[in-house]
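Enquirer: Given the sequences, and given the hints that come with them, work out the whole structure.
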Amino acid sequence: MDSTKTQRFIERGSHKGKGLAVFTSGGDSQGMNAAVRSVVRMGIYLGCKVYFIREGYQGMVDGGDNIEEANWSSVSSIIHKGGTIIGSARCMDFIQKEGRLKAACNLVTRGITNLVVIGGDGSLTGANLFRQEWSDLLDELLAHNRITKDQREKYKYLHIAGLVGSIDNDFCGTDMTIGTDSALHRIIEAIDAIVSTAYSHQRTFIMEVMGRHCGFLAVYTALCTDATYSFICEDPAPLNWDKKMCAKIKEARNKILFMGAGS
1 MDSTKTQRFI
11 ERGSHKGKGL
21 AVFTSGGDSQ
31 GMNAAVRSVV
41 RMGIYLGCKV
51 YFIREGYQGM
61 VDGGDNIEEA
71 NWSSVSSIIH
81 KGGTIIGSAR
91 CMDFIQKEGR
101 LKAACNLVTR
111 GITNLVVIGG
121 DGSLTGANLF
131 RQEWSDLLDE
141 LLAHNRITKD
151 QREKYKYLHI
161 AGLVGSIDND
171 FCGTDMTIGT
181 DSALHRIIEA
191 IDAIVSTAYS
201 HQRTFIMEVM
211 GRHCGFLAVY
221 TALCTDATYS
231 FICEDPAPLN
241 WDKKMCAKIK
251 EARNKILFMG
261 AGS
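Under the UniProt record's numbering, residues 1 to 263 are what the sequence shown spells out, in order.
Among the clues, some could well be false.
[As the list claims (entries may be wrong)] Simulated pairs of lysine to aspartate or glutamate, EDC-like, Cα-Cα distance not exceeding 20 Å: (1) K16 with E68; (2) K156 with D139; (3) K250 with E208; (4) K248 with E189; (5) K154 with D139; (6) K49 with E69; (7) K156 with D170; (8) K156 with E133; (9) K154 with E133; (10) K156 with E98; (11) K81 with D65; (12) K97 with D62; (13) K18 with E140; (14) K16 with D226; (15) K97 with E140; (16) K156 with D136; (17) K102 with E133; (18) K250 with D226; (19) K102 with D65.
Rather than coming from a laboratory, the hints here were simulated on the basis of the structure.
Expert: Put into structure tokens, the structure is as follows:
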């Protein structure tokens, strides 16, 4: 063993003075608050000036009180709460370039060039576009005297880290996205509660779960609850898919009843 090998770690205050902001965007999911807490406290440990951006991209565009400096106690007692304490909202303004110009101006004014985005596919796609346009946005802001030359030079790079907050578990490269485990837990709780009624009345129950274009929740729910079938909807949905699904369920129910009668 090499005795000269030293352990590497991030030193306290190693990024002192840098501006970092965290925001949650799109649909809320359990675990977002835990992620926000981790970002804020790690940022403070590193010496960064940490900000909340409230109401997602809309807060970034609107600026003002929506961009608020956070401290250690700002994220106390939130780790067990569902949803997100800093709010989340869909933002049509950010889709337009003028909206992104306003957002860039608000960030530069506060010295923020490091963003942590907690959201799903649309949120992360928007963040990537924002990063790609950053230099052009600053040039335009400078041309209209909305920022100074010093600000243009000092904040010329935008760094973005994305945390996938989505119950669908539909992002490549992650074992389980933020919110998936809690969603699966809630679904199984609901099925455990309703299965007694299904047995009492000898009825077939259809449970619909979310998942967008990903069938993770549907498949894992079926495995965990001993479901007879798991249907993953195609996109676009085929003609008469609902009738075909009902026919499959009826066929499965008849088989079960027949097996019961012969036992």
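Enquirer: If a hint holds in the structure, say so; if it does not, say that too.
Expert: Here is how each hint holds up against the structure:
1. K16 with E68: 18 Å, holds
2. K156 with D139: 10 Å, holds
3. K250 with E208: 17 Å, holds
4. K248 with E189: Violated - the C-alpha atoms of E189 and K248 are around 25 Å apart, more than 20 Å.
5. K154 with D139: 13 Å, holds
6. K49 with E69: The hint holds at about 7 Å.
7. K156 with D170: 33 Å, violated
8. K156 with E133: 11 Å, holds
9. K154 with E133: 17 Å, holds
10. K156 with E98: Status holds; Cα separation ~19 Å.
11. K81 with D65: 23 Å, violated
12. K97 with D62: 14 Å, holds
13. K18 with E140: 24 Å, violated
14. K16 with D226: 53 Å, violated
15. K97 with E140: 11 Å, holds
16. K156 with D136: Holds. K156 to D136 sits at ~10 Å (cutoff 20 Å).
17. K102 with E133: Status holds; Cα separation ~13 Å.
18. K250 with D226: Within the cut-off at roughly 17 Å; holds.
19. K102 with D65: Roughly 15 Å between the alpha carbons, so the hint for K102 and D65 holds.
The earlier numbered hints that this structure contradicts are 4, 7, 11, 13, 14.
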